Amino acid sequence: EAGVAQSPRYKIIEKRQSVAFWCNPISGHATLYWYQQILGQGPKLLIQFQNNGVVDDSQLPKDRFSAERLKGVDSTLKIQPAKLEDSAVYLCASSLDVGAYGYTFGSGTRLTVV
Amino acid sequence: DQQVKQNSPSLSVQEGRISILNCDYTNSMFDYFLWYKKYPAEGPTFLISISSIKDKNEDGRFTVFLNKSAKHLSLHIVPSQPGDSAVYFCAASDSNTGNQFYFGTGTSLTVIP
Chain F
3 EAGVAQSPRY KIIEKRQSVA FWCNPISGHA TLYWYQQILG QGPKLLIQFQ
53 NNGVVDDSQL PKDRFSAERL KGVDSTLKIQ PAKLEDSAVY LCASSLDVGA
103 YGYTFGSGTR LTVV
Chain H
1089 DQQVKQNSPS LSVQEGRISI LNCDYTNSMF DYFLWYKKYP AEGPTFLISI
1139 SSIKDKNEDG RFTVFLNKSA KHLSLHIVPS QPGDSAVYFC AASDSNTGNQ
1189 FYFGTGTSLT VIP
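Quick note, the sequences are listed as chains F and H, same order. Residues 3 to 116 in this note's numbering are what the first sequence spells out, letter by letter. Residues 1089 to 1201 in this note's numbering are what the second sequence spells out, letter by letter.
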């Protein structure tokens, strides 16, 4: 079974620029999550999708972050404009459905904002 | 507000000995708990889980203990191996409000050969 694919692996941008991350979940996994992991902290949920609908985006800074999951498969997370404090690893994870425990994480995208 | 806490940022253990990683939580509604293991430059990988109806779950060298009254869980690795060196995260969820997991800050385990 192929894992959760994420790209790019690394990204360096200047503050106020825009950036987008891409995630392809495990085939058949209906639930997709985006987590932000700041250095020295545990992952924090940004947004959760069930198919192409949003289940929880309460911790997504909506003034600058947006995410979509068109067709209920791939997902993109965008930051516009980026701030220095957005420097983090952005992890995508998927699970079979909302009631399934134990996500599978991708390798993450490490974002550095300078 | 950190609902899941791992108060030891790092732990060093001799190969062959027991590693004990601790985790505390504040929300009494949490009823499902996971441990993840993370190597550098990789995403976290699922290790072991426990639900609140149990107080122990074992999988090979890994055992998770849950003390609901103390809101505490621990991961025991016996015997520890150098390949176990990684960052370990505990995570907790309230299944009645969906399956968002709250993660601790992680404990970096080093197993010394």
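Worth flagging that the hints you see were computed from the coordinates, not collected in a lab. Here the structure is a predicted model, which means the values were calculated and not measured. There could be a bad hint or two in this list.
Here are the computed distance ranges between Cβ atoms for each label pair [to be verified]:
{"#": "1", "chain 1": "H", "residue 1": "S1098", "chain 2": "F", "residue 2": "Y12", "range": "36 to 44 Å"}
{"#": "2", "chain 1": "F", "residue 1": "D76", "chain 2": "H", "residue 2": "S1098", "range": "34 to 42 Å"}
{"#": "3", "chain 1": "F", "residue 1": "Q52", "chain 2": "H", "residue 2": "N1155", "range": "26 to 34 Å"}
{"#": "4", "chain 1": "H", "residue 1": "D1143", "chain 2": "F", "residue 2": "A7", "range": "44 to 52 Å"}
{"#": "5", "chain 1": "F", "residue 1": "I14", "chain 2": "H", "residue 2": "E1146", "range": "23 to 31 Å"}
{"#": "6", "chain 1": "F", "residue 1": "N54", "chain 2": "H", "residue 2": "I1106", "range": "40 to 48 Å"}
{"#": "7", "chain 1": "H", "residue 1": "V1166", "chain 2": "F", "residue 2": "K17", "range": "29 to 37 Å"}
{"#": "8", "chain 1": "F", "residue 1": "A7", "chain 2": "H", "residue 2": "S1196", "range": "35 to 43 Å"}
Only pairs whose alpha carbons sit at most 30 Å apart, straight line, appear in this in silico BS3-like list of lysine-lysine [as the list claims (entries may be wrong)]:
{"#": "9", "chain 1": "H", "residue 1": "K1093", "chain 2": "H", "residue 2": "K1159"}
{"#": "10", "chain 1": "F", "residue 1": "K85", "chain 2": "F", "residue 2": "K64"}
{"#": "11", "chain 1": "H", "residue 1": "K1125", "chain 2": "F", "residue 2": "K80"}
{"#": "12", "chain 1": "F", "residue 1": "K13", "chain 2": "H", "residue 2": "K1156"}
{"#": "13", "chain 1": "F", "residue 1": "K85", "chain 2": "H", "residue 2": "K1156"}
{"#": "14", "chain 1": "H", "residue 1": "K1156", "chain 2": "F", "residue 2": "K46"}
{"#": "15", "chain 1": "F", "residue 1": "K85", "chain 2": "F", "residue 2": "K46"}
{"#": "16", "chain 1": "F", "residue 1": "K64", "chain 2": "F", "residue 2": "K13"}
{"#": "17", "chain 1": "H", "residue 1": "K1159", "chain 2": "F", "residue 2": "K73"}
{"#": "18", "chain 1": "F", "residue 1": "K85", "chain 2": "H", "residue 2": "K1159"}
{"#": "19", "chain 1": "H", "residue 1": "K1159", "chain 2": "F", "residue 2": "K46"}
Idealized CB from N, CA, C, for every residue including glycine.
Check the structure against each numbered hint from earlier and tell me which ones fail, lowest number first.
Violated hints (numbers, rising): 1, 4, 5, 7, 8, 12, 13, 17, 18; every other hint is consistent with the structure.
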